[in-house]
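**Q** As a plain string of letters, each chain reads:
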Amino acid sequence: MTLKEKNLQQAVYGDVPESFQHRVQYALRHTQEEERPVKRFTLRTALITLLLVAIVGAAVAAVASITADRFGEFYGEKYKDALLQGDIDTTLRTRQVGDVIYALDDVIVTGITLDNEEDNRGEDPMSISDEMCSRIYATGTMRAAEGTNVVLIPEDYLTTDPWNFDPYYGGHDNIPADAVSVKDKAAQTDATILCTRATANGLVGTGGELVNADIGYSGILQEDGTMVFTMEIDLHEPIPRQDEYTLSVYIANHQVTPEGEHLMDTRVSEDWVFTIAPSKAEAN
Amino acid sequence: MTHEEFARHIVEMQASLYRVSCAILPQLCDREDAVQSCIEKAWRKQATLKDESRLQAWVTRILVNECYAIIRSRKRETPVETIPDAPAPPGSDPNLYRFFTGLPDKLRLPMVLFYLEGYEIQEIASMLRIPSGTVKSRLARGRDAMRRSQVFEEVQDL
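Chains B and R are the protein sequences, given in the same order. Counting in the numbering used here, the first sequence runs from 1 upward without gaps. Counting in the numbering used here, the second sequence runs from 1001 upward without gaps.
Just so you know, these hints were derived from the structure itself, not from any lab. Among the hints, a few may not be true.
What the hints assert, rightly or not - When the alpha-carbon atoms are kept at most 35 Å apart in a straight line, the in silico DSBU-like pairs for lysine-lysine are as follows:
{"no.": "1", "chain 1": "B", "residue 1": "Lys-280", "chain 2": "B", "residue 2": "Lys-80"}
{"no.": "2", "chain 1": "R", "residue 1": "Lys-1050", "chain 2": "B", "residue 2": "Lys-78"}
{"no.": "3", "chain 1": "R", "residue 1": "Lys-1041", "chain 2": "B", "residue 2": "Lys-80"}
{"no.": "4", "chain 1": "B", "residue 1": "Lys-280", "chain 2": "R", "residue 2": "Lys-1045"}
{"no.": "5", "chain 1": "B", "residue 1": "Lys-280", "chain 2": "B", "residue 2": "Lys-78"}
{"no.": "6", "chain 1": "R", "residue 1": "Lys-1050", "chain 2": "B", "residue 2": "Lys-185"}
{"no.": "7", "chain 1": "R", "residue 1": "Lys-1136", "chain 2": "B", "residue 2": "Lys-185"}
{"no.": "8", "chain 1": "R", "residue 1": "Lys-1045", "chain 2": "R", "residue 2": "Lys-1136"}
{"no.": "9", "chain 1": "R", "residue 1": "Lys-1136", "chain 2": "R", "residue 2": "Lys-1050"}
{"no.": "10", "chain 1": "R", "residue 1": "Lys-1050", "chain 2": "B", "residue 2": "Lys-280"}
{"no.": "11", "chain 1": "R", "residue 1": "Lys-1041", "chain 2": "R", "residue 2": "Lys-1136"}
{"no.": "12", "chain 1": "R", "residue 1": "Lys-1136", "chain 2": "B", "residue 2": "Lys-80"}
{"no.": "13", "chain 1": "R", "residue 1": "Lys-1050", "chain 2": "B", "residue 2": "Lys-80"}
{"no.": "14", "chain 1": "R", "residue 1": "Lys-1045", "chain 2": "B", "residue 2": "Lys-78"}
{"no.": "15", "chain 1": "R", "residue 1": "Lys-1041", "chain 2": "B", "residue 2": "Lys-185"}
{"no.": "16", "chain 1": "R", "residue 1": "Lys-1045", "chain 2": "B", "residue 2": "Lys-185"}
As the list claims (entries may be wrong) - Covered stretches of chain R, going by a simulated chain B footprint (3 or more residues, C-beta under 8 Å):
{"no.": "17", "stretch": "1007-1015"}
{"no.": "18", "stretch": "1025-1032"}
{"no.": "19", "stretch": "1039-1051"}
{"no.": "20", "stretch": "1087-1094"}
{"no.": "21", "stretch": "1104-1115"}
On a predicted model such as this, the values are computed, not experimentally measured, just so you know. Every residue, glycine too, gets a C-beta built ideally from N, C-alpha and C.
Turn these sequences into a full structure, and let the hints steer you where they fit.
**A** Right under this line is the structure:
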């Protein structure tokens, strides 16, 4: 079989099951019963429209935000500038689960809206509302607790990968020649290998439920063996800005053998719930 | 877009939607839930889609998000390197099926989107909300896995 085979799609997952096809038909019938969606101009929509501000190339006052810096690396300076116009909570928060400490740097609440669905954040035109919250960003660090003997890896890592270089972000072809693998590093001190993650469950609503949102996250190994984690909460519907927001973050880790077997029965985890009180960034 | 047109497009792409859901959710019932939520959401939001030629990519991204929402709501940990064993589905090649299901989660979806569904790297980056460099790295790791598996007679580089 070569990748050029036209029947590769069929060969991997086979035929579409009838039950799946039936569900598609059911969903289409259900949507047909709904009123065709039209844009309704309500007072809320009008208010949002009036408050939207297009980004211009003017210089933005420099504000220290690790989160803005990190997402600026992902999506470009334009997006970083947009983030810095949001409300920022810079309170350092930490939580320990098992042998790993999770430290949250800063959280940014923004009213960024991309003007189309292409979502090429670095290039697409965007609008910003100062009155609404549409996206929440956060970064932090995962590190071994003091006195422990562990080597940390992200959730999709191999024990043969370098222990302090992330090929996803550093480039698969740029791994240093003298890189030490995770299992060799662990063997040096008979350390335990821990697969660790920190991902946003989302924004907790007033009734305790999670507000509908799309969640993005990453875990990036650093040269010192710690890991940076990032989170992005993209609300399906913007909500009015608030004085406080309650966030829920899933933090977890479990052991991995040097051979790469994940021991899921060793997993320890927690839904870390905390409240932030972001404020407008102060200009320097 | 009329509902009739929307429905026709959805039916045309349902095989692709099925394959994408397979790449994320191991259970058929969850895939069905995800595609239903996806279709309903896509219909409600279709007025926001500016370029109808991108409908399939747009719907696929909604589906990816719905699949992950199901995973989060169940708070299930899908082991990175251990996928629940399941028989190869009817009509599939068992070796290929085992190869793709045996890939780590984060490699499997980009591989399916790129090699099975033909999306470009930037499209995949947009769907998965990750930098395009990350997509490239994951595809590189996937191709390494292809070479090691010897399931494919030849593996092209990007």
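**Q** Hints first: check each against the structure and report whether it holds.
**A** Against the structure, the hints:
1. For the suggested pair Lys-280(B) and Lys-80(B), the alpha carbons sit about 15 Å apart, so the restraint of at most 35 Å is met.
2. At most 35 Å may separate the alpha-carbon atoms for a hinted pair to count; Lys-1050(R) and Lys-78(B) meet this at roughly 23 Å.
3. Pair hint Lys-1041(R) plus Lys-80(B) holds up; C-alpha atoms about 30 Å apart against a cutoff of 35 Å.
4. For the hint pairing Lys-280(B) with Lys-1045(R), the CA-to-CA distance comes to about 31 Å; that is within 35 Å, so the pair holds.
5. For the suggested pair Lys-280(B) and Lys-78(B), the alpha carbons sit about 19 Å apart, so the restraint of at most 35 Å is met.
6. Between the alpha carbons of Lys-1050(R) and Lys-185(B) the distance comes to roughly 51 Å, so the proposed pair goes past 35 Å and is violated.
7. A C-alpha spacing of about 27 Å is found between Lys-1136(R) and Lys-185(B), which places the hinted pair at or below 35 Å, so the restraint holds.
8. About 30 Å separates the Cα atoms of Lys-1045(R) and Lys-1136(R), which keeps this hinted pair within 35 Å; it holds.
9. The straight-line distance between the Cα atoms of Lys-1136(R) and Lys-1050(R) is roughly 27 Å, inside the 35 Å bound, and the hint therefore holds.
10. Using a Cα cut-off of 35 Å, the hinted pair Lys-1050(R) and Lys-280(B) holds, with the two alpha carbons roughly 33 Å apart.
11. Between Lys-1041(R) and Lys-1136(R) the CA atoms are separated by roughly 29 Å; this keeps the pair inside 35 Å, and the hint holds.
12. A threshold of 35 Å between alpha carbons decides the hint, and for Lys-1136(R) with Lys-80(B) the separation of about 23 Å falls inside it, so the pair holds.
13. The suggested pairing of Lys-1050(R) with Lys-80(B) holds, with an alpha-carbon distance near 25 Å, which does not exceed 35 Å.
14. Between Lys-1045(R) and Lys-78(B), the direct Cα distance comes to roughly 27 Å. Compliance with the 35 Å bound is thereby established for this hinted pair.
15. Note on Lys-1041(R) and Lys-185(B): the hinted pairing is violated, with a Cα-Cα distance of about 47 Å set against a maximum of 35 Å.
16. The straight-line distance between the Cα atoms of Lys-1045(R) and Lys-185(B) is roughly 50 Å, outside the 35 Å bound, and the hint therefore fails.
17. Given as covered by chain B, the stretch 1007-1015 of chain R passes the check, having 5 residues with a CB less than 8 Å from a CB of that chain where 3 are the minimum.
18. Taking a C-beta to C-beta cut-off of 8 Å, the stretch 1025-1032 of chain R contributes 3 residues in contact with chain B, enough for the three needed, and the coverage statement holds.
19. Remark: the stretch 1039-1051 of chain R is confirmed as covered by chain B, as 11 of its residues place a Cβ nearer than 8 Å to a Cβ of that chain, reaching the required three.
20. Counting residues of the stretch 1087-1094 of chain R whose beta carbon lies closer than 8 Å to any beta carbon of chain B gives 6, which reaches the threshold of three, so the coverage claim holds.
21. By the rule of at least three residues with a Cβ nearer than 8 Å to a Cβ of chain B, the coverage given for the stretch 1104-1115 of chain R holds, with 6 such residues.
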